[in-house]
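We have chain A already, so just place chain B on it with the hints.
One letter stands for each residue in the lines below.
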Amino acid sequence: MDTFLLLLDGLAVATQPMNLVFALIGVLLGTAVGVMPGIGPALTVALLLPISLSFGATGSLIMFAGIYYGGMYGGAISSILLNTPGETASIMTAVEGNKMARSGRGGKALGAAAIGSFFGGTVGTIGIALVSPFMVSVALSFGPAEYFALMVLSFVTVSAAFGGSVARGLTALFIGLAIGLVGIDKLTGQPRLSFGVPELRDNISIAIVAVGLFAIGETLYIASKKIDVDETVEAIKGSVWLSFQDLKRCIFPYLRGAGLGFLFGPLPTGGAEIPTFLSYSTERKAAKGQSKAEFEGNKGAIEGVAGPEAANNASAAGTLIPLLTLGLPTSATAAMMLAGFQQYGLQPGPLLFTSNPTLVWGLVASLFIANFMLLILNLPFVGIWVRLLMIPRPWLYAGILTFATLGIVGAQGSAFALILLLFFGVIGFVMRRFGYPLAPVLVGAILGPLAEEQLRRGLMINRGDWTFLVTSPIALTIYAIAAAAVIGPILWRMMARDKSKTVFAMDGD
Amino acid sequence: MSSGHANEGAGASRSSDPNRARDLGGLAIAAGLFLFAALIAWDGTTYPVRQSYAQFGPEIFPYLIAAGLAVFGVATVFMALRNSFPEREPMNLTAVGWIVGALVAKIGLLYGGVGFIVAAGTLFGFAARGLGRRPLWFAILVGIGVSAFLYVLFRHGLSLSLPAGPVERFIDGLFRR
Chain A
1 MDTFLLLLDG
11 LAVATQPMNL
21 VFALIGVLLG
31 TAVGVMPGIG
41 PALTVALLLP
51 ISLSFGATGS
61 LIMFAGIYYG
71 GMYGGAISSI
81 LLNTPGETAS
91 IMTAVEGNKM
101 ARSGRGGKAL
111 GAAAIGSFFG
121 GTVGTIGIAL
131 VSPFMVSVAL
141 SFGPAEYFAL
151 MVLSFVTVSA
161 AFGGSVARGL
171 TALFIGLAIG
181 LVGIDKLTGQ
191 PRLSFGVPEL
201 RDNISIAIVA
211 VGLFAIGETL
221 YIASKKIDVD
231 ETVEAIKGSV
241 WLSFQDLKRC
251 IFPYLRGAGL
261 GFLFGPLPTG
271 GAEIPTFLSY
281 STERKAAKGQ
291 SKAEFEGNKG
301 AIEGVAGPEA
311 ANNASAAGTL
321 IPLLTLGLPT
331 SATAAMMLAG
341 FQQYGLQPGP
351 LLFTSNPTLV
361 WGLVASLFIA
371 NFMLLILNLP
381 FVGIWVRLLM
391 IPRPWLYAGI
401 LTFATLGIVG
411 AQGSAFALIL
421 LLFFGVIGFV
431 MRRFGYPLAP
441 VLVGAILGPL
451 AEEQLRRGLM
461 INRGDWTFLV
471 TSPIALTIYA
481 IAAAAVIGPI
491 LWRMMARDKS
501 KTVFAMDGD
Chain B
1 MSSGHANEGA
11 GASRSSDPNR
21 ARDLGGLAIA
31 AGLFLFAALI
41 AWDGTTYPVR
51 QSYAQFGPEI
61 FPYLIAAGLA
71 VFGVATVFMA
81 LRNSFPEREP
91 MNLTAVGWIV
101 GALVAKIGLL
111 YGGVGFIVAA
121 GTLFGFAARG
131 LGRRPLWFAI
141 LVGIGVSAFL
151 YVLFRHGLSL
161 SLPAGPVERF
171 IDGLFRR
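These protein sequence lines are chains A and B, in that order. Its first residue numbered 1, the first sequence is counted upward by one per residue in full-length UniProt numbering. Its first residue numbered 1, the second sequence is counted upward by one per residue in full-length UniProt numbering.
Bound-form chain A, shown alone (with noise of 0.2 Å):
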């Protein structure tokens, strides 16, 4: 009952005026982002960072989980329509859902994914209210050893589940950790890889790794392409609504697909990839009769779009109790959430719960109003985010990266942090073409001074006697489990030699 008292005065905030704004700008914002291919919600969140401090701590993360949770929805939009994935997490709705678009039931597909975005985000983000106490009261008597287990755990399967090759999982994450280390020890003072210029001894801002990496790495991938994609947009046909025949074909789907997504995403398995391809192949399975056939023809079935949206936003909300309960994020958009929660000097974990309980609760409220919010943009006005798609190339990456530039510059009021910029640039370009994931960079940069803490001050406590990380059965537990995140997806690209390996290669962001 103590839950529920809490989110009634979470929602208390959630409906003042201005978080409401914040809410509706910020689902506008991860709507928009989440329609183009290209550009994700990570991304997004990087660019508002240092433009959103004036906007007060609640205010921006707010907007910052309505972008989240509005890049959910608006990738179905371009899945369906371009079967281009505006990201990773709708690369399985395309599958059928472009199916659909093209034999003539688009508008059927849109509104069976702007409905399983609605119910999977709503029964996601019950489960948060739900789960994060108990959470909480568990991750209280967590010390330095099982924090820095927790924090290996997260680095190790963030690297391995991202991306077609552990190795280059964890060579990225390391580049990570390395940046992470720039600037003033912590504790002591001491200034590392600063090399004498003042900007590196204040630490590199993440505003700058994550713009750097995404925005001008992604620009110069998409510039450095010589062929150019020929793409056609379907027009919406047929009415978005669902009849009563659809929604009983779509019910089981969400079901299953909110239940997978909500199981994932807490789970440091890189975001929303797997429970949606797990959701896709399970409605595939299932089919019978009449959906059966057009999974299997040419005419796309209903479900295999119900199924993977539903999980994709449930996985969304998911990903949001490792985050807000123990401080570790297991998508790129949950690392930016943590950036931007530092950079207000708060911490997320089990004591921000107790010490900042109208934050955490008003950010839980306002989960659910983005999601009506959404449903509202999502369904009635769904062919003006269509007309995003049409905005040519050149004038969409010249703006991104004037954007980009600006809110930099804003914030580091130096030129010298565009240096930086340009240079982390070249770093993502380089990456993205030779098949790193991304996410482990941003993930070691945040969570890398973290968990040196912990485990210098379990040095301090124990005297330098490193045996401290391995005498707690809750840290061996957690190792054994980051071991088989690594070791597992090695077994499963031996065994399973097939086609379906190809959807855990693709690069997440």
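Treat the hints loosely; a few may be bogus.
EDC-like cross-link-like pairs, simulated, lysine to aspartate or glutamate; straight-line CA separation at most 16 Å [stated by the list, open to error]: (1) A:225 to B:23; (2) A:225 to B:43; (3) A:288 to A:246; (4) A:285 to A:296; (5) A:299 to A:246; (6) A:186 to A:202.
Treat the hints as calculated values from the structure; they're not laboratory data. These numbers were taken from a predicted model, which means no experiment stands behind them.
Structure of chain B alone, referenced to chain A:
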């Protein structure tokens, strides 16, 4: 740090030839990783020695990371020799040059003190040109329009501080009246 990754950049630009060059690109990344690891380790040796209960100071984490980078540098060498990097498409160097040039131009113009609007407009124009929009003067003109709008919005709407030159001081003057 910059020396290590400059090598990576050079590796990518050399990789237009699909078969032989692929190895070189990967090996250049490995070399970059080794250099980076050496740099971190060297930096660690320059820290003064401290007495602490932890028995380890600020150098312990850098040493661990340097070791990790070196290990994966070795792994990268193997990946490069076995050609296990994903296939790369031929690179459009001109376009990449325009985008990098756009950022360099903005950095240079900001250090030169021309202010945000002209610098960002030039960046916008160069970037649009790199992605195929011609002519350049038109793209820059559009860019100056866009960045003038952004300047007013963020400087006077959200009071973000942006570098000011003659144009910006003129606009600020208009708003003060």
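* To do: Find the hints from earlier in the document that the structure breaks and name them by number, from lowest to highest.
  => Violated hints: 1, 2; rest satisfied.
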